[in-house]
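Letter by letter, the chains look like this.
Number of protein chains: 4
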Amino acid sequence: MIVVMRSGATPEQTKAVVDKITAMGFGVNVSQGAEKLIIGVLGVRENKETLAAQLGGLPYVERVMPISKPYKLVSREGSQAGTVVRLSNGTEIGANAVHVMAGPCTVEGRDMVIDTARWIKQCGATLLRGGAYKPSTSPYSFQGMGKDGLEILAEARAKTGLPVITEVLDPRDVPVVEEYADILQIGARNMQNFNLLKECGKSRKPVMLKRGLSATIEEWLLAAEYLYAGGNHDVILCERGIRTFEPATRNTLDLNAVPLVKQLTHLPIIVDPSHGTGKWDLVSPMARAGIAAGADGVIIEVHPNPSEALKDGFESLTFDNFAAMMDGLRPIARAVGRPVASDATAPV
Amino acid sequence: MIVVMRSGATPEQTKAVVDKITAMGFGVNVSQGAEKLIIGVLGVRENKETLAAQLGGLPYVERVMPISKPYKLVSREGSQAGTVVRLSNGTEIGANAVHVMAGPCTVEGRDMVIDTARWIKQCGATLLRGGAYKPSTSPYSFQGMGKDGLEILAEARAKTGLPVITEVLDPRDVPVVEEYADILQIGARNMQNFNLLKECGKSRKPVMLKRGLSATIEEWLLAAEYLYAGGNHDVILCERGIRTFEPATRNTLDLNAVPLVKQLTHLPIIVDPSHGTGKWDLVSPMARAGIAAGADGVIIEVHPNPSEALKDGFESLTFDNFAAMMDGLRPIARAVGRPVASDATAPV
Amino acid sequence: MIVVMRSGATPEQTKAVVDKITAMGFGVNVSQGAEKLIIGVLGVRENKETLAAQLGGLPYVERVMPISKPYKLVSREGSQAGTVVRLSNGTEIGANAVHVMAGPCTVEGRDMVIDTARWIKQCGATLLRGGAYKPSTSPYSFQGMGKDGLEILAEARAKTGLPVITEVLDPRDVPVVEEYADILQIGARNMQNFNLLKECGKSRKPVMLKRGLSATIEEWLLAAEYLYAGGNHDVILCERGIRTFEPATRNTLDLNAVPLVKQLTHLPIIVDPSHGTGKWDLVSPMARAGIAAGADGVIIEVHPNPSEALKDGFESLTFDNFAAMMDGLRPIARAVGRPVASDATAPV
Amino acid sequence: MIVVMRSGATPEQTKAVVDKITAMGFGVNVSQGAEKLIIGVLGVRENKETLAAQLGGLPYVERVMPISKPYKLVSREGSQAGTVVRLSNGTEIGANAVHVMAGPCTVEGRDMVIDTARWIKQCGATLLRGGAYKPSTSPYSFQGMGKDGLEILAEARAKTGLPVITEVLDPRDVPVVEEYADILQIGARNMQNFNLLKECGKSRKPVMLKRGLSATIEEWLLAAEYLYAGGNHDVILCERGIRTFEPATRNTLDLNAVPLVKQLTHLPIIVDPSHGTGKWDLVSPMARAGIAAGADGVIIEVHPNPSEALKDGFESLTFDNFAAMMDGLRPIARAVGRPVASDATAPV
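Chains as they are written, first to last, in the working numbering: chain A, -18 to 329; chain B, -18 to 329; chain C, -18 to 329; chain D, -18 to 329.
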């Protein structure tokens, strides 16, 4: 941590800062730069963040600049090997093969889920997605089928063998969702719902943590740190688009985040081009781009009939479009030396 | 709602759209523009949002543009008179006088809260703020004193008569927080925590809803609509800064939002220059600007000793700075014809 | 300047960095932090920015963090007294009184300019604005009357005594615009048109520099530094709204910038609520907010008949609305101890 | 164009709007929606944008929503076939093969340019980039070698056969830059320097137009329309990253823009992962992602020794890293059915 004093700070003011730092158990390195006096704070102690907040309260302190990463357990520096999240059916996320998670935005009924699950499996997807508890911007929108939706997902899993990923919105719902789901999803709007993070940290099921609409990568990794510090080490990240000034797409899929996150953390990362673009006709090229950038998989919205969807018709692929997307994705996956998981046992 | 067809849509495709709209009970107005065919959707029905989602799933539909506001109950169009939120001690928020809510970011202990409450009251504040349940970006940061903090706030209220506003983070905590607080605060990170909104909608205590870091004004008013539709009509909005590209301030206080929100909704609005700037030396001018723009009050972080604060030292005012801020605010309030509430009984 | 080495950098790699720094004439301060090794770069030399760029090219360097401000001449640290820009008719911008610059977006003809000039003067404005050279997003939009427009502005000045501020778009146009204008305006889209800055730096006329749509405050002050370093010390800043995710207003007027800029630089600052909001009915409250935040003046679009305007009808005030705005602004100016300039000689 | 009247507009106010529209030669379609009255404006006329501006000036008009795209000549709707830009040496940009443009950020001297040109050609690049006129945020930074730099680029072309792309900053420099360059580059900061666009529109050399830091895709295509309408049909777009709230990368490369631009316009598009990320170790994966998303090529900064670069050391590839990037790019290009241009004559 570096403390920059304001121009014109007196020796007494500087001494007060140094005394405060040393009183809290840290060492100091004082350096008079060309224009500013700089104080380096040395040492590792749990009260470092408190110190930073307090130094900011001194009027002659201009800035306090952290140097170390505030996340520790999920940092690549702490663990060079990449995390591989293993599901009960043997699926490995974060290993060499890339995964395609697919399914409807929302569980709307039994048949549409089972039909979709069968189709995506036939096309090469290896996980089924679908929302039973739905966050809705408007109170007048459909809020999901709840537990009935979870049962439909479980039935689709039984019929196809595809593990299920589904969102949990509320700390109170973690027990029921983890009973049915293979992976708990934390949505973008809940990335900093810290009590939900704490409950999911106690779960024995893996968690996929979506990036918030305006979350920095550091905030996202700190949210992952909540899960990890809470005891759940099976954490998957998901880049799903950030909010920018651009109105032409619903969100801006930030693929810079993919290779950057691979440097900063050992956790796997999935890309969501459906929400990341909000337009079905951009999904396929952006899925390819995500895998080319180094993602461990993609998550795709598919609907038997998008013009009958209860939500997000604009971004859902039809069955035919999903099959075409898979055809375009396989050569990209091979080009980066990583087969699509459903092809991994076949000769590549 | 307006549906814009893609260039080259066939008459059959247009007919399919029209049939879908009429089948769902709406009227249509078809208009061939210079380049695009446009279909107006006429009528008020609850399934309008579903229709919009589904039309988006048709490949020959280019865009679906809403015309009506998606929020109804909080809309100014529904109620020309401004909402006045009345607390049990007679405090009225949204009436002519403007209010100053002040206090520490975090309840750190008994004395600091009571000392602060006494000071801010003496200076003219009319509500006490302070966080007992704290959202923290890092799992290693202080998470608040919880119920003990609520008891300290209640004691400060008993000693000063100031009503208390404090944050609730978790739907499970609503009962305990509403037992102690005069106003429940929903923080920026929870603006779209829909289950928390639903629980607070059932509360009999007023709610102050902060704008999310990257929430559009429409999303913010839809979150308010959740509260209102849930049965709680005592809703106060709070602009606390949005996230932009500018690194020089922690957030960008969006004061455009103040007069705009006054046009769009009948709810009162408070401005938070402490979080909106993140720098204590910008708080006073931005509090003045907020009142000049038409806000119904401000909320200010004050700490007996910011350099001993557990959080947010950079943005907290000292007692002296708070007194100076009040001195600068009063003439501005008078200039817009609205006294600071503590002066309202004195001749103005 | 602080250089942060990557974790795991070897002593040889650190030595290479230190050698490079010292070879370029700087001193060093090496400090082993808890996790990272940090090298402070000491001394003032012109090649500091080149050093920063080059250090970034070394793979074991994680970050290079500047400490000093990159602008010098316009920095408040270099000159505690505020700049006052004096025009030939005695108008002083940056002194105690606040100024209202007003007029049409675009010079559309002789009568509309002269009528507007007379009206705004009668209401208390002290400068006339109007565009003769217009930047237009579309090539098919009106591009301005050019030199004929400048002559109309000069005639309006002759008739009213109001000094004229007008935009210059092209380095080749600086001679003709400075012949007619009292203040040259550099628009938001040209804030980093460096050759235009250089030409205006050579001018003997004051320059008002608008902030770019997505310019950080540091970039804005560096653009001002171009003018200052080029020899033109009569520089006025203008905050006119930044681009954010919010679609409800055309731009987000960043009033945080006003008190912040007052700390960072000695230059005056004007606020433009017309472009900053893009909605005529938000102009008046945001003009009040700008003055309350500490601005040295406002610039306002006024049109005799906004529904006949060639541009920007949405944000122009009618004559009546402008008069009402002035009535609301005066008490705010008095409340911050600064009269509107046209009232300054009258008893306040 | 759709005009939405405010709630409560009177029949007289509506009639005034209708009369204004018809007086300007357009047809109308009036439709009473559930809550709002909507007026469709029918017909194609040059004064449509003026009408939009003027309608905005009427107080009972709530919104004016354009339907047609404001760009015409560059629109895909006007020309289904993709533009292929042909250079004098036969290079075709926008045809099936993808191109790699590479070279130093800045022309720093003769040897470094020629060495770099030889290396990148050997690795498979087909165009040489390098800046002779440099935009610099600070007036104290290197501003480029100017004409001497152009001569060095020309010499490198003579020695390698690689066509040259280089930036032009100032309308006055177009003649000299087009004398030397094969493609004129307009940089991000100049995307809305309309007079520069007009001069380049008159040039007989192709132009590569970078997207502005905060330019919407519509604004970008309107800037391209300036070039096209000015007579220059050899226009190439370049996505180089937009400005967002994320501090971890210098910019956010918006790859959504690639497939979207391919739908909206017939112009080719190049991706710049060097500026789009600002970090050399993200360049290679993002170059792959750009091609996977459908770009017609990439532009890459390469420097013989980034730690001696005068600018942008942080984002320049070494020779070895560039060779490795090419090795990773080729299989991706093949996977999307488009060879890297230098491989196109070899069997693929």
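The reader is advised that the hints may include incorrect statements.
Any copy will do: because identical chains look the same in the list, a pair fits if it lies in one copy or spans two.
[Unchecked claim] Lysine-lysine pairs mimicking DSS-like chemistry, simulated, CA-CA at most 25 Å apart:
| no. | residue 1 | residue 2 |
| --- | --- | --- |
| 1 | Lys(-4) | Lys53 |
| 2 | Lys29 | Lys260 |
| 3 | Lys186 | Lys17 |
| 4 | Lys53 | Lys183 |
| 5 | Lys183 | Lys128 |
| 6 | Lys53 | Lys260 |
| 7 | Lys(-4) | Lys260 |
| 8 | Lys179 | Lys17 |
| 9 | Lys186 | Lys53 |
| 10 | Lys102 | Lys17 |
| 11 | Lys17 | Lys1 |
| 12 | Lys50 | Lys128 |
| 13 | Lys50 | Lys140 |
| 14 | Lys260 | Lys1 |
| 15 | Lys260 | Lys50 |
| 16 | Lys1 | Lys102 |
| 17 | Lys260 | Lys128 |
| 18 | Lys260 | Lys183 |
| 19 | Lys179 | Lys140 |
| 20 | Lys17 | Lys140 |
| 21 | Lys53 | Lys140 |
| 22 | Lys186 | Lys128 |
| 23 | Lys17 | Lys260 |
The hints are simulated quantities; they were obtained by calculation from the structure and are not laboratory data.
For each hint, the structure was consulted:
no.	hint	in the structure
1	Lys(-4) / Lys53	neither (31 Å within a copy, 28 Å between copies)
2	Lys29 / Lys260	between (44 Å within a copy, 20 Å between copies)
3	Lys186 / Lys17	neither (51 Å within a copy, 35 Å between copies)
4	Lys53 / Lys183	within (19 Å within a copy, 40 Å between copies)
5	Lys183 / Lys128	both (21 Å within a copy, 23 Å between copies)
6	Lys53 / Lys260	between (37 Å within a copy, 23 Å between copies)
7	Lys(-4) / Lys260	between (58 Å within a copy, 23 Å between copies)
8	Lys179 / Lys17	neither (42 Å within a copy, 30 Å between copies)
9	Lys186 / Lys53	within (22 Å within a copy, 40 Å between copies)
10	Lys102 / Lys17	neither (62 Å within a copy, 39 Å between copies)
11	Lys17 / Lys1	both (19 Å within a copy, 22 Å between copies)
12	Lys50 / Lys128	neither (40 Å within a copy, 32 Å between copies)
13	Lys50 / Lys140	neither (45 Å within a copy, 43 Å between copies)
14	Lys260 / Lys1	between (54 Å within a copy, 21 Å between copies)
15	Lys260 / Lys50	between (36 Å within a copy, 18 Å between copies)
16	Lys1 / Lys102	neither (61 Å within a copy, 31 Å between copies)
17	Lys260 / Lys128	neither (29 Å within a copy, 46 Å between copies)
18	Lys260 / Lys183	neither (36 Å within a copy, 37 Å between copies)
19	Lys179 / Lys140	neither (33 Å within a copy, 36 Å between copies)
20	Lys17 / Lys140	neither (68 Å within a copy, 46 Å between copies)
21	Lys53 / Lys140	neither (41 Å within a copy, 44 Å between copies)
22	Lys186 / Lys128	within (17 Å within a copy, 31 Å between copies)
23	Lys17 / Lys260	between (50 Å within a copy, 20 Å between copies)
The structure fails hints 1, 3, 8, 10, 12, 13, 16, 17, 18, 19, 20 and 21 (numbered hints given earlier, in ascending order).
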